[in-house]
Amino acid sequence: MSVVSLSSAVQAAPDRRSALRPRWSPLQMSPTVALALAIVTLVIAWSLAPHLFTSQDPVNGVPAHKLLGPSTAHWFGTDHLGRDVYARVVYGAASSVTSALIAVVIGVAVGGLMGLLAGFLGGWVDTVLARLVDILLAIPRFLLAVIVVTALGFDTVNTAIATGVSAVAVFARVMRAEVIKTRQATFVEASFLQGGSRWYVLWRHVLPNASRSVLTLAVLQFGLSILVIASLAFLGYGDPPPASDWGLLIATGKDYLRWPWLVYAPAFVTIATVLSLNRISRWLRETD
Amino acid sequence: MRNAYLRYAGIRLVQAVVVVLLAYLFTFVVVSILPGDPVTNVLRDPQNGFTEEQIKTIIAAQGLDQPISVQLWTSLSGFLVGDFGVSMRSTRPVTTLIAEVLPSTLILASAGLAVALLLAAAIAYGTQFLPKRLGQGIVRAFPSLFLSVPGFVIGLVLIHAFGFQLGLFRVIEPDSAWATVFAAVALGIPISAQIAEVLIANLDHESGQEYAAVARSRGLGRVRLFAKHLLKPSSLPVVTVIALTVGELLGGSLITETVFGRTGIGSLVQRSAAAQDLPVLQAVVSLAAVVFVLVNLIADLFYPLLDPRLKLVGGTERRPTSANESAAPAPGSVTG
Numbered sequence: 001m002s003v004v005s006l007s008s009a010v011q012a013a014p015d016r017r018s019a020l021r022p023r024w025s026p027l028q029m030s031p032t033v034a035l036a037l038a039i040v041t042l043v044i045a046w047s048l049a050p051h052l053f054t055s056q057d058p059v060n061g062v063p064a065h066k067l068l069g070p071s072t073a074h075w076f077g078t079d080h081l082g083r084d085v086y087a088r089v090v091y092g093a094a095s096s097v098t099s100a101l102i103a104v105v106i107g108v109a110v111g112g113l114m115g116l117l118a119g120f121l122g123g124w125v126d127t128v129l130a131r132l133v134d135i136l137l138a139i140p141r142f143l144l145a146v147i148v149v150t151a152l153g154f155d156t157v158n159t160a161i162a163t164g165v166s167a168v169a170v171f172a173r174v175m176r177a178e179v180i181k182t183r184q185a186t187f188v189e190a191s192f193l194q195g196g197s198r199w200y201v202l203w204r205h206v207l208p209n210a211s212r213s214v215l216t217l218a219v220l221q222f223g224l225s226i227l228v229i230a231s232l233a234f235l236g237y238g239d240p241p242p243a244s245d246w247g248l249l250i251a252t253g254k255d256y257l258r259w260p261w262l263v264y265a266p267a268f269v270t271i272a273t274v275l276s277l278n279r280i281s282r283w284l285r286e287t288d
Numbered sequence: 001m002r003n004a005y006l007r008y009a010g011i012r013l014v015q016a017v018v019v020v021l022l023a024y025l026f027t028f029v030v031v032s033i034l035p036g037d038p039v040t041n042v043l044r045d046p047q048n049g050f051t052e053e054q055i056k057t058i059i060a061a062q063g064l065d066q067p068i069s070v071q072l073w074t075s076l077s078g079f080l081v082g083d084f085g086v087s088m089r090s091t092r093p094v095t096t097l098i099a100e101v102l103p104s105t106l107i108l109a110s111a112g113l114a115v116a117l118l119l120a121a122a123i124a125y126g127t128q129f130l131p132k133r134l135g136q137g138i139v140r141a142f143p144s145l146f147l148s149v150p151g152f153v154i155g156l157v158l159i160h161a162f163g164f165q166l167g168l169f170r171v172i173e174p175d176s177a178w179a180t181v182f183a184a185v186a187l188g189i190p191i192s193a194q195i196a197e198v199l200i201a202n203l204d205h206e207s208g209q210e211y212a213a214v215a216r217s218r219g220l221g222r223v224r225l226f227a228k229h230l231l232k233p234s235s236l237p238v239v240t241v242i243a244l245t246v247g248e249l250l251g252g253s254l255i256t257e258t259v260f261g262r263t264g265i266g267s268l269v270q271r272s273a274a275a276q277d278l279p280v281l282q283a284v285v286s287l288a289a290v291v292f293v294l295v296n297l298i299a300d301l302f303y304p305l306l307d308p309r310l311k312l313v314g315g316t317e318r319r320p321t322s323a324n325e326s327a328a329p330a331p332g333s334v335t336g
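Residue numbers (this note's numbering), protein chains in the order written: chain A, 1 to 288; chain B, 1 to 336.
Just so you know, these hints were derived from the structure itself, not from any lab.
Nothing here was measured: the structure is a model prediction, and the numbers come from that model.
Ideal placement from N, C-alpha and C gives every residue a C-beta, glycine not left out.
A portion of the hints provided could be inaccurate.
Stated by the list, open to error - Derived DEER-like restraints, expressed as beta-carbon distance ranges:
(1) B:228 - A:155: 53 to 59 Å
(2) B:76 - A:81: 47 to 53 Å
(3) B:25 - A:155: 26 to 32 Å
(4) A:101 - B:11: 36 to 42 Å
(5) A:81 - B:166: 26 to 32 Å
(6) A:60 - B:107: 41 to 47 Å
(7) A:181 - B:166: 48 to 54 Å
Please put together the full structure from these sequences, using the hints given.
Listed below in structure tokens is the structure:
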């Protein structure tokens, strides 16, 4: 957790946009960002009101219509019980999005607080928290998630909690780095000199300045959490069927590889969502 | 300089030992203190059909009736001499169980790393040599795409395309050569993305440096510039990234082994998690931490020797990780 000091830096510093540049406007938005925002909006809409997007039943299928290929009636085909795969993906969005949200909230809250305290207070608090972060980083993320979910018991909320725990270290690191950077700024010093209390300075100056990077990271981690939760669901640590978590849909589909849409359709939706979130995160970083 | 290096090495060594011990403590706390009691859940599960007598014997044999501090001491002292106790599921020593499956995972992980390095090098080469308008944008998008695909999906797609459609390997023979190659590809693809991101960022940075401009103005060709001047400084930080991906290789092998039906550490974890066999899980997690810390320690110790530009001040230096570590989130560690 210490500062990198290279005599002649190997790394490129991220170009910070100069203050003279005009603020972002919708017209300059690149088409890929617009597409990414549209996809994420659609997925959020699916999770809020799935019944608006499909009239099919995600749980009870029509046995006569089992394993049909994609068609206009069934966009993503039907599964081995004759359920519409598109409907299952749409209804599964709520579970995938909510659990990723839980994971990110845990990561931001716990990791952010750790990083904030470590960076702001320094001293022994920093040392203790830095060691804790080192421990969390030393255990492979996915293995950490597996062991936490095993200890908590197998269900979807617990996979979300486990994913959140495994993300704590990353948030703590970024938050700490940002806080340390802001703490040295002149305006923070000025605020202290004007008699601002520690907590006032922290709340009024340090936190808002550090939050941008954490927001960028949170969006990125949202996508990663979807992947980790899908993997945990794939391994069977989430809710059992008929839940239709995206990872679970793919896991069920893998037993029917002769009907590949059962894997490809939910996989495509997952990839599109995560890719969009990554693009948005990159865009937030660029428009900083 | 020499003294500074020894001091640095000493501090890093002590730090590594402390982190390993604390990681062990941490997993112990996670498995024994978190709400929910996996032990009795499993033992009292009617499916397992243990009698009350047998449950008592198992609990006594595992020392689970002892106070938590005694349990911790027994387990920690065992860990220090490489004894991880006895598996609850199969009543065999955990060390034996791990030793049996370790070679298979090591083969998969090293093959996966080789694939990742080759792929990352190919992507980085592509970004430097493909014409700007044609293809370069697509190649630059690869790492981002690779990081967005769940690991198990890559495995399933490979099985579907090469196993079922082309018939290169049979799913029921997961240890055959082709099956291993495709498992390694599935494992390597997400990891290649992280390596490629750093490599591309460094290549872009280096090719914008003055020395590169000087070399170009003297009429050096692009290939020679790349091979003789840009590659070395750009690939040095990759050492760091490779060390950091050790954890991903282990986590990824858990999924890849399940998808391809291989035996290995991953499938052992998978079975132990399903049966909530905590001694095995704790052993695997602490060994993973040991491996991760060890590999990173080696990378830390070698880095100042490899890169003479790195100045050691006060013995607390860290290797650089990614092109924009402090200002922006690192490329992200992906599993799954």
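Going through the hints against the structure:
1. Restraint check, residue 228 of chain B to residue 155 of chain A: a C-beta distance of roughly 57 Å satisfies the suggested window 53 to 59 Å.
2. In this structure the hint that residue 76 of chain B and residue 81 of chain A lie 47 to 53 Å apart at CB holds, the actual value being about 50 Å.
3. In this structure the hint that residue 25 of chain B and residue 155 of chain A lie 26 to 32 Å apart at CB holds, the actual value being about 27 Å.
4. Range check, residue 101 of chain A to residue 11 of chain B: about 40 Å between beta-carbon atoms, so the 36 to 42 Å window is met.
5. For residue 81 of chain A and residue 166 of chain B, the hinted distance range of 26 to 32 Å is satisfied, since their beta carbons lie about 30 Å from each other.
6. With their beta carbons about 46 Å apart, residue 60 of chain A and residue 107 of chain B fall inside the hinted range of 41 to 47 Å.
7. One distance hint, 48 to 54 Å for the beta-carbon pair residue 181 of chain A and residue 166 of chain B, holds here, with the actual separation near 53 Å.
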